[in-house]
Amino acid sequence: MKPFNILITGVGGQGTVLASRLIAQTAIELGALAKTSETIGMAQRGGCVTSHVRIGEDDISPLIPLGKADLLLAFEPAEAVRNLKYLKKGGSMVVNTRAILPVTCAMGTGYEPEQMLEYLKKQKDRKVIFADAGAICEELGSFKVINTVMLGIALKNDLLPFTKEDLEQTMRKFLPERFQEINRKAVNL
Amino acid sequence: MKKLLMGNEAIGLAAIRAGVNLVCGYPGTPSTEVLETVAKNNKDHAIHVQWSVNEKVAMEVGAGAAYAGARVMVTMKQVGLNVASDPLMSLAYIGVKGGMIVLVADDPGPISSQTEQDTRRFAQFAKIPVFDPSSPQEAYDMVEAAFRLSEEKGVPVFLRPTTRICHACATVEIAEQWETHPVEGFQKDSKWVIFPRLSYQNHLKLDGIERDLSWSVSPFNRISGTGRKGIVTSGICCSYVKEALDSIGEAAHEIKLFQVGMPYPFPKNMAKDFLNGLDEVLVVEELDPVLEDAFYPLCGERRIKIHGKRDCFTHVAGEFSAELAEQWIRKMLQLEKAEEKAEEIPALPVRPPVLCAGCPHRASFYSVKQAMKGKKAVFSGDIGCYTLGNAKPLDMVDTCLCMGACITIAQGIHNVEPDTKNFAFVGDSTFFHTGIPGIINAVYNETDITVIVLDNSTTAMTGHQPHPGTGRTMMGEITEKVDIEAVLRGCGVKHVVSANPLHLEEAVKAVQQAADFKGVSAVIFKSPCIALFKPERQFQVESEKCIRCKKCIREIGCPAIAVREGEVKIDSSLCYGCGLCAQICPVGAIGGTRHETV
Numbered sequence: 001m002k003p004f005n006i007l008i009t010g011v012g013g014q015g016t017v018l019a020s021r022l023i024a025q026t027a028i029e030l031g032a033l034a035k036t037s038e039t040i041g042m043a044q045r046g047g048c049v050t051s052h053v054r055i056g057e058d059d060i061s062p063l064i065p066l067g068k069a070d071l072l073l074a075f076e077p078a079e080a081v082r083n084l085k086y087l088k089k090g091g092s093m094v095v096n097t098r099a100i101l102p103v104t105c106a107m108g109t110g111y112e113p114e115q116m117l118e119y120l121k122k123q124k125d126r127k128v129i130f131a132d133a134g135a136i137c138e139e140l141g142s143f144k145v146i147n148t149v150m151l152g153i154a155l156k157n158d159l160l161p162f163t164k165e166d167l168e169q170t171m172r173k174f175l176p177e178r179f180q181e182i183n184r185k186a187v188n189l
Numbered sequence: 001m002k003k004l005l006m007g008n009e010a011i012g013l014a015a016i017r018a019g020v021n022l023v024c025g026y027p028g029t030p031s032t033e034v035l036e037t038v039a040k041n042n043k044d045h046a047i048h049v050q051w052s053v054n055e056k057v058a059m060e061v062g063a064g065a066a067y068a069g070a071r072v073m074v075t076m077k078q079v080g081l082n083v084a085s086d087p088l089m090s091l092a093y094i095g096v097k098g099g100m101i102v103l104v105a106d107d108p109g110p111i112s113s114q115t116e117q118d119t120r121r122f123a124q125f126a127k128i129p130v131f132d133p134s135s136p137q138e139a140y141d142m143v144e145a146a147f148r149l150s151e152e153k154g155v156p157v158f159l160r161p162t163t164r165i166c167h168a169c170a171t172v173e174i175a176e177q178w179e180t181h182p183v184e185g186f187q188k189d190s191k192w193v194i195f196p197r198l199s200y201q202n203h204l205k206l207d208g209i210e211r212d213l214s215w216s217v218s219p220f221n222r223i224s225g226t227g228r229k230g231i232v233t234s235g236i237c238c239s240y241v242k243e244a245l246d247s248i249g250e251a252a253h254e255i256k257l258f259q260v261g262m263p264y265p266f267p268k269n270m271a272k273d274f275l276n277g278l279d280e281v282l283v284v285e286e287l288d289p290v291l292e293d294a295f296y297p298l299c300g301e302r303r304i305k306i307h308g309k310r311d312c313f314t315h316v317a318g319e320f321s322a323e324l325a326e327q328w329i330r331k332m333l334q335l336e337k338a339e340e341k342a343e344e345i346p347a348l349p350v351r352p353p354v355l356c357a358g359c360p361h362r363a364s365f366y367s368v369k370q371a372m373k374g375k376k377a378v379f380s381g382d383i384g385c386y387t388l389g390n391a392k393p394l395d396m397v398d399t400c401l402c403m404g405a406c407i408t409i410a411q412g413i414h415n416v417e418p419d420t421k422n423f424a425f426v427g428d429s430t431f432f433h434t435g436i437p438g439i440i441n442a443v444y445n446e447t448d449i450t451v452i453v454l455d456n457s458t459t460a461m462t463g464h465q466p467h468p469g470t471g472r473t474m475m476g477e478i479t480e481k482v483d484i485e486a487v488l489r490g491c492g493v494k495h496v497v498s499a500n501p502l503h504l505e506e507a508v509k510a511v512q513q514a515a516d517f518k519g520v521s522a523v524i525f526k527s528p529c530i531a532l533f534k535p536e537r538q539f540q541v542e543s544e545k546c547i548r549c550k551k552c553i554r555e556i557g558c559p560a561i562a563v564r565e566g567e568v569k570i571d572s573s574l575c576y577g578c579g580l581c582a583q584i585c586p587v588g589a590i591g592g593t594r595h596e597t598v
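Sequences listed follow chains A and C, in order. The opening residue of the first sequence carries number 1 in our numbering; numbering runs sequentially from there. The opening residue of the second sequence carries number 1 in our numbering; numbering runs sequentially from there.
Hints listed in this document are in silico derivations from the structure and should not be mistaken for laboratory results. It is possible that some hints are incorrect.
Claimed, not checked - Computed list of lysine-lysine pairs in BS3-like fashion (alpha-carbon distance at most 30 Å, straight line):
(1) A:88 to C:526
(2) C:337 to A:185
(3) C:3 to A:173
(4) C:337 to A:127
Extracted from the complex, chain C is given alone in its bound form:
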């Protein structure tokens, strides 16, 4: 059956067809839709699907299930793997009984991430095999192969698609029949308990797996063509290289191509075959020079020239494209290309991503800004839509590092600069993810910070996933809502208030009181993400009353408000009726009406 599928959907459906028993993970672009696809197609609830609280938790839940013999997939983005690295490093040594795929999506560019780290490197570091798909179809096919390899070798394996695989749609051939995989159950054995002596033995075992696999042949590693020049490539770059070779045409016919679908363990035997008869090699790979580094000694021994990131022949950072691949191949073949003159175009507007019109975070940031006017304060932000609070005119995110770090960075600054008021802005999902240990740390070490929890009842940035505070699970069940206020009090925070950020006066007062409190304080700003409801009213500017002071534009930066033909106007296609602008207008020129258009 052929279907138009997003890469992530193809991976999710392949896991179902392979009889996966448990899928868990934490949302993160570009990985999120894999788990969502499994949940959406979970017939009779045969598969346990969960958004775990964070990636470490997910990895451990997955490990437990795999100990019991289940087929497991754990999903996350590349930075999520950092959170999960503690259990993963040990799990590589302990091993698994049921097949376990750790699905980690990398993000060259980066397009939606903090780092350009390369999970193939992580595979080398953890000594577990990694599959690197070059298309949604290959990603689909690799899932079954990865489960089998994991079971055969008794170790978890990585599947690491990149953004252009995850979020590309393609025609994918999917199987009609589904496998079932009965779970044998957990059998008590000392091999499940990690001890130094066992780790020594298992280190030898991991080394053996690496050696075995580097001499074997994987169907996902392919050599084609003949010639004195060669190209090594992997992942989405395979399609860029092929498109570039087509575009160059005749002059590129004498090229030998090595597509590496399984970069670790490095296919040493195939690499030697590939190098036979070559005198120059170009490596086209995004992120780290993983294949290039593996080829370096082999090329050195054979006196073959090698080009890639190390000699700055290709780009060290950022996303690649068919155009770039063509440019580098032409350079290796010493082919000139007639430079086409770029057309001159008028100056274009800059369009940075912004908080949506009506987003409650805008009001939260604005109220803290008002409450702290003229005072020395540092605002630590975190990962989520609300990172966008750094944009002018709000300008309310002074630091952003990684999930949960706002709470702890604020403490570090305060410890050495006690005359500063330190705020930490944390989203609801991030609070559960890694926020709580930081809260306990502040209470325990008596650090005077104010935590602002931006509770919009969802994990918004990644596409509105439920979390422990929402009371909904990926099995479609209604469950206990974990109450953020009770958690804060339970951690020992003495001053906790909840407020509606869209009521400006009340919100500012709540912030002032929390800031004045000596010790850890918290304000929970509760207001749902605009994607969760339909607007009930919309606002307009009464042009007779408006004095064109543009305070609404200068101070809150709402994308719905702009000057058109000399007048301040609110775009009815964008206004979501939050009413923040109406509350700051000095002459009361902005008024709301019931909403008519959808």
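Next comes chain A alone, as it looks inside the complex:
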């Protein structure tokens, strides 16, 4: 597997950690090396979170340097904009269009999700895929699978260095029995 960097970003509680583990584990199952670095601790409580996944090289930092990510998986539009600087020119991103408004917003400091989406649409040298992952979660009856829904969209667009079958195999091996069914559905929707 050639070197490939994926940055996953969202808001604490959206399950970005599981998404990065599944990607890294799948790469390792296929014989590649992988590293991840995740946000754990206080920021997980509704703060900005990022997970870095680096596939294919051994002696590198667990954090992706600016402008070196091949793929950005953004679980929230404003977080996509915040972390765009990590995505290289010519890279791709999948953006969940459903916004999470922070409490500070509710108290008057504005945040217009539309403005973020407009800005992302204008990206010329980066491929942008929008998806209402929130709606897919509603259809599935759980917001906890937003991580596998996002992976499914990336795979459908051929943006990850492995196939949907490879990911499903990892999920069978590493996810607890009771989460298998719904996550399999999430990847396939």
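Starting from the known structure of chain A, fit chain C onto it as the hints suggest.
Relative to the frame of chain A, chain C by itself:
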């Protein structure tokens, strides 16, 4: 066998493979998963694993086991080491029989801590060796080496990973075979009793260990490359430097690199070899300038220029990165880099961490705020999720210092400002950790404070560890629950009531009564952390009834409530059914329904 492991998992598995007999500690980000990994993989319960009440207790439990010849690992975060420093300083003098690793996780940034203190400094201070891993694999390999060194020298040793090692996952090669380490048992000897005369002799012994090790060669200290310029680095910065050198390419080929995996005792001999033929050195290390300070006199004697934190060449505080390392290396090599223009982006929302939707702490803070409206009161907070009660609109944490300090800070303020009502908010796990001596102090010295115990039945912030009040242990056993109310009464607190914070009226009344009581009073707010159960109901705003006063938004700051398209809405993906908003709505526009989505 190759496995994808978090640094902390690698350390835990390495301890098991080294035949560790006892592992104890107190949860603290980023160290927590080490002990959890040992507990999860504890076949036949062969290893005694415990969350101790605090780090001092853990260090002493660990010391006892090591006296008896057991291999021991004690785990904590850097500020936990401050709590454990009393036993540790003496233990360095007394020494151990079985190998003892003190695993202390440092947190550059800091990302989840009160300080940016450096455990390598603590190692110098306590005069015990420290291992500083640069990757999860190296952390794994260091565990066995650390046990051996501890046994060979008869002193405890530090293993100090930082956040980006602890919480990074990497492909780690782990051994198939496991060692066993039989415990010889405690042998009576005067050497286990610390006395001034013995301490004098043992001080000489510690000095001898430092000298021996500073002249010896550790496989974790490595020199590579050649050139007139050199870089010294350690820990996670090794990978930042290597990535930066790769990125610079050709121009950085003539660089000599010294990776220091064992910074104390300082590898003096190797350092001299490294400096041979150099005329300029850059030190890239996070937290304190530990290596830089050790290199200073050597560079001075040789008239070699040295850069680092002391000349503000690198950053004094905060986390480093590959980008920063590249910037500093280019500066030393006098290479220009074309400045790339930053893209202009729309203004981004600020997203500070907040109490979760449905968190019972929100209701507890709100009820105290209501009960004390218009009165002169100071609210002392403590370490845990509930530190987040400082955020607006709750704004209910006026002080926060260290574990257990809310109870004692409140007393200090009250002693000199007696017309103030002083509240102390302490979590259940923090109460057991270091809260109790403060309670006794208030009773003994007759200080009129009100203690609010936020009992959510878990150690939430660090990822839901059990504690003495939960009745569960890390050996998977059900044990006696230590009753917080009985402890308070036993300490002499005369007014103690328990209340459910989610019943607002009852909660406010409980606080008012406690505040009116002359002397030490306590309210125990009992309601489980939302991570411990599934929501049974959810709330919605009936838009015909809602008068858009936004009281629910202005007063409680629940992340599930927001204005969308002009209407107040509750996000069904976040609502956990606590019902606080429904109780404060002036027109009864918020109602609950049975929960349908998971």
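Evaluated hints:
1. A:88 to C:526: 50 Å, violated
2. C:337 to A:185: Not OK: residue 337 (chain C) and residue 185 (chain A) at ~48 Å, beyond 30 Å, violated.
3. C:3 to A:173: Between residue 3 (chain C) and residue 173 (chain A) the Cα gap is close to 13 Å, so the pair holds against 30 Å.
4. C:337 to A:127: Answer holds: residue 337 (chain C) to residue 127 (chain A) is near 28 Å, not above 30 Å.
Against the hints set out earlier in the document, violations occur for numbers 1 and 2.
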